[in-house]
Amino acid sequence: MQDTAGVWLMTSLTTSPFLIALMQTAASLPVLLLGLPAGALADIVDRRRLLIFWSAWMLLAAALLSIFALAGSIGPVTLLLLTFILSLGSAMNGPTWQAIVPELVPREQVPTAVALNSAGFNLSRAVGPASGALLVAAFASVMMGAGVVFLINSAGFMAVLYVLYRWKRTAYFKSALPAERLIGSMRAALRYVWYTPAMWAVLVRSFMLTFFVSALWALLAVVARDDLKSEALGYGILNGTLGIGAVIGAFTLPRLRHHLSADSIVRASAIVFMVTMLVMAWVPYWLPLILMLLVGGMAWTDMASSLNISLQLSVPAWVQARMLGLYQMVFMGGMALGSAFWGAIADRLNSSLALTLASAGLLVTWPLMSRFRLLSGGEHDVSPGKLAGLLSHVPEAVVEPDPEEGPVMVTVTFRIDPSRADEFVTAAQELGRVRQRDGAMRWALFRDPADPACYVESYLVESWLERQRQLERFTVADHKVRDKVFSFHLDPEPPRVARMVYTQPPTKS
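For the sequence shown, position 404 matches number 404 in the working numbering, and the numbering has no gaps at all.
Worth flagging that the hints you see were computed from the coordinates, not collected in a lab.
Keep in mind that the hints are not guaranteed to be accurate.
Stated by the list, open to error - In silico lysine to aspartate or glutamate, EDC-like type, Cα no more than 16 Å apart, as pairs:
id : residue 1 : residue 2
1  : LYS484    : ASP417
2  : LYS480    : ASP417
3  : LYS484    : GLU430
4  : LYS484    : GLU457
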């Protein structure tokens, strides 16, 4: 309701397609700017308190929108600014909201829970636009009708706050170590992405798909007003049709996942988006447009949920909210930049050419997107692996270092069969990526020229505390990688592990 009333209010305040499209940008840009910090906070701060704070923030922003609109003193700039502030709360709230899903259901039910969550969201997208449009149309002016919608939205957050207040949270993952600092937490997230191909696939596909598909959302109001010669109710019907399709898509997704891979679902969705945007561009009739928007809504849910599920089942709990924050940042960043870009193209040319170019862009870039394979979630077990308990052969520290002392150099000495050196090195490189992903600043594998059987793995970690975190972050899937490397060791005793803490030269008095 909020989105529909806000966009239609902007169409009554200005005739510029660019300013109308900027409403989508104002709704998406905060996620582009704050997705990673929001996810980092959700991984290091109590999630229930975060959700309560940002829900209260959004309540206040929606209330201010209502006050200005009902007073008749809102202009395009004020509408964009307050929409941005409201969306800022949504951006900070989003990663936390999605990250609590594994705290509410068993892991094997996460895909269904994500789809059901998507169904709830898209049910509101189906009912909300039509309801918002009817309310706007029920009043003598768009300004008054939009103000009432904004007021209803602000009241809705009170129900959310009540549920969060009553929720008794049980954390899915709780570290025994001190909480990370915000900057360090964000740095760890970026490092995790850099060394994780599965995350690259989700992020690259998310940005490229949303950048082109954003034309559909950004120019829907323009198509309703200019091509169909409709008012707020017509726009609400078109938007609601997308939402209905999205709800249908959410309920059919589990069956689709049973028969198709995530890659196949996303590929089919992209084809649907291309056809939908071409119909929007060149077929200005209600029936074919509604039918294609219905299918387009189904494709939207299938695409977004497949990307989300692929991410949720492919990352461990310690970094989950940060990855969801990055995902939302890239996803909505594509929406924000794409909306502004296609709105500017429509302003310069027209909406039909902008939609056609967006469809063509999706077709041309698809071969590049296909190079990034999505995981379906079952390939890797990312539950905690408890590596620390397996390191009984590591000497106990006689003097426990200060947690912030470092850097720490870790070496692991192997004796292998020289005839299998190539296999060992290949396996060790994969383990090296795991080490770097989980906190190693540098990693290298050395061999002894005087002893062809001797190899030493060496890596640096920022501090003693970061080394402890690295052990805690090891997953079951990481164990398989480690066990494969350690299986090359010939001696009956396990490989010798040494941990060396950097020593400062003594200060002169």
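The hints, checked one at a time:
{"no.": "1", "hint": "LYS484 with ASP417", "verdict": "14 Å, holds"}
{"no.": "2", "hint": "LYS480 with ASP417", "verdict": "20 Å, violated"}
{"no.": "3", "hint": "LYS484 with GLU430", "verdict": "10 Å, holds"}
{"no.": "4", "hint": "LYS484 with GLU457", "verdict": "14 Å, holds"}
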